[in-house]
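**Student:** So in numbering that gives the first Met the number 0, spot 490 of the sequence shown is number 489, and the numbers just go up one at a time.
Possibly wrong hints are sitting among the right ones.
[What the hints assert, rightly or not] Label pairs and their computed distance ranges (CB to CB): (1) V188 <-> A161: 38 to 44 Å; (2) N30 <-> E413: 53 to 59 Å; (3) I286 <-> L379: 56 to 62 Å.
[Claimed, not checked] No more than 35 Å apart at the CA atoms, straight line, and that leaves these computed lysine-lysine pairs for DSBU-like: (4) K67 <-> K55; (5) K541 <-> K486; (6) K55 <-> K21; (7) K537 <-> K549; (8) K549 <-> K398; (9) K122 <-> K168; (10) K529 <-> K510; (11) K217 <-> K73; (12) K125 <-> K185; (13) K529 <-> K261; (14) K385 <-> K261; (15) K467 <-> K368; (16) K55 <-> K368; (17) K480 <-> K385; (18) K103 <-> K137.
For the record, the hints were derived by calculation from the structure and aren't laboratory data.
Remember, it's a predicted structure, so these values are computed and weren't measured experimentally.
Every residue, glycine too, gets a C-beta built ideally from N, C-alpha and C.
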Amino acid sequence: MKKIILSIFIASMFSGLNAAEKEKEVNSSINEVTVFLQGAQVRRKASVYVEKGISKIILSDVTQYLDKNNIQVKGNGNFIILDVSHRVFYPVPKQQINTGVMPKEVAQEYKLVEDSMSVSSWKLKKLRSQLEVYKSEKQILLNSGVIKGQKDNDSMPLLKDALEYYRIKLMDINKLSLELDQKIEKEDVIMTRLTNRLNQLKNWQNNVHQPVEDTSPKQQIVVTVSADQSTSGSLTVSYMTQQAGWTPAYDLRADDVASPVKITYKAKVFQNTGKDWDNVDVTLSTINPNRSNVKPTLAPWYINYYQPIQHIPGNNNMYYGNGVSNQPAATEKMVMSRDMNEDDLAKHLDNYTEMQSNMTMVEFKLNIKHSIPADGQEHLMAVASKSIPSTYEYFAAPKIEREAFLIAKLTDWEDLNLLPAVANIFFDGTYVGQTRIAPSSIRDTMELALGRDQRVVVERKRIEFEEKIKKVAGEKIATMKYQIIAKNLNLASLKLNIMDQIPLAANEEIKVELLDKGGAEFKEEDGLLKWVFELGAKTPKKLYYEYSVKYDKDKEIVL
């Protein structure tokens, strides 16, 4: 008996608690977003009034694309947050109550329409009655014996008078009939309109314009709170969504060769959450929001001898060190036959290749508020601008191009936290082109091509060519001398880097010898000649180099 009483008491206590948990829906607005390269964290803020006891605060109008497992709520006020949950609410349309009583204004109009219909109906009856009379008169005339020729006429004058009478009378009847038809048609239109309006008034409840209700499912965040007394406060709710992101972009600008390069960070931000972000604080982040929050653990790391791929001579099948074969296996080195496919080898060796990727984790907090509609389109935002210490050089390869290229060399760029992206290049206010910035492949100095400078011209031409034949050695020797002329039409001197080359022998019978490098730095392994010097304004500079080629006198070489 005591157990039964105790059970009833506990049940009544919990039912009382449930009854005390009142639900109150509050409005919230988006005030801050953190946009990741893929995904975004949205923060909403709501002012709340919390009643004494336990109650539930409902925040509706959140995106349907939120991650329900990543909802965080922070409260500001004299209350305690007990629980946070997510639910989908399906609104039920409000049922219209039919009282059966017609409103006074509707009843008055209904009576007026009924009276108008009675008047119109009487007019129609009268008009149709007159029309029937005219039709009867016309029929009598048409059935007359004179018209049908069934009556003898005393004379032609009498017949003439009779015909004239019939003509006048029929024309008069037809005219009056047409006028009546027009009146009947107009009255029919009036009667139709009155009938339609009367039907509308009869169904007045179905024609009352009710507010359009949104019955689509609503995502709701339910916050259960407890307060010792009624109080006011605020809630800040944050959640993740994958329907947003951003991509970096840059503008690189140089005014002249005496100015540093100015880099402008830009972001192309998009979101398709179904909720516009109006006038919100925006933070751009490169952090991966999907990273695990679980503490890492290290498992035992075992090492062993590497078992190479083995190939059995005479057998096209490969096997690993632990395989079974009738042939002796190589134990210290890998044996490959000539028919072994290199693709097969690479396919196995990639198991021992480790790919490393290290992207800088950085956040950019924009200083002004932005509005980003939920249209899925990219919206361009300026993030920041910085000047980078820069030096400028001109590069020329006169064998290919006579015009020199301006190169900017940027130092101390590592602190800029650059991300892989496409950059637009501008020089002296002119768009030059695009380049791709890949920080992982840039070393101490970043080089940017700023385009051609038509005022710096480098020309190359062969000024000497001589061929000699050594009959005893069976060789032919070709000697060539080249001249390079560099011209600077700018008003200031500049640093010029010129690259040229001599050929490399692809056959042991061919010998190439550099006779005069003309002050250039020579790299024998690739045959490149490099000159670096200051070129004065409007002061041409001439460079020379000479080389020879020895080859079989009975063969030809294109030089």
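**Student:** Decide, hint by hint, whether the structure agrees.
**Tutor:** Comparing the hints with the structure gives:
1. V188 <-> A161: 38 to 44 Å: Holds, since V188 and A161 (Cβ atoms, about 41 Å apart) stay within the stated range.
2. N30 <-> E413: 53 to 59 Å: Since the Cβ atoms of N30 and E413 sit about 35 Å apart, the hinted range of 53 to 59 Å is violated.
3. I286 <-> L379: 56 to 62 Å: violated (22 Å)
4. K67 <-> K55: Within the cut-off at roughly 18 Å; holds.
5. K541 <-> K486: Roughly 9 Å separates the two Cα atoms, so the pair holds.
6. K55 <-> K21: holds (6 Å)
7. K537 <-> K549: It is violated: about 40 Å lies between the C-alpha atoms, which goes past 35 Å.
8. K549 <-> K398: holds (22 Å)
9. K122 <-> K168: holds (26 Å)
10. K529 <-> K510: It holds: about 22 Å lies between the C-alpha atoms, which stays within 35 Å.
11. K217 <-> K73: holds (22 Å)
12. K125 <-> K185: Satisfied, since the Cα-Cα distance of roughly 14 Å is no more than 35 Å.
13. K529 <-> K261: Distance of about 30 Å is within 35 Å: holds.
14. K385 <-> K261: Judged against 35 Å, a Cα distance of about 6 Å means the pair holds.
15. K467 <-> K368: violated (79 Å)
16. K55 <-> K368: holds (32 Å)
17. K480 <-> K385: Judged against 35 Å, a Cα distance of about 48 Å means the pair is violated.
18. K103 <-> K137: violated (52 Å)
Of the numbered hints listed earlier, those contradicted by the structure are 2, 3, 7, 15, 17, 18.
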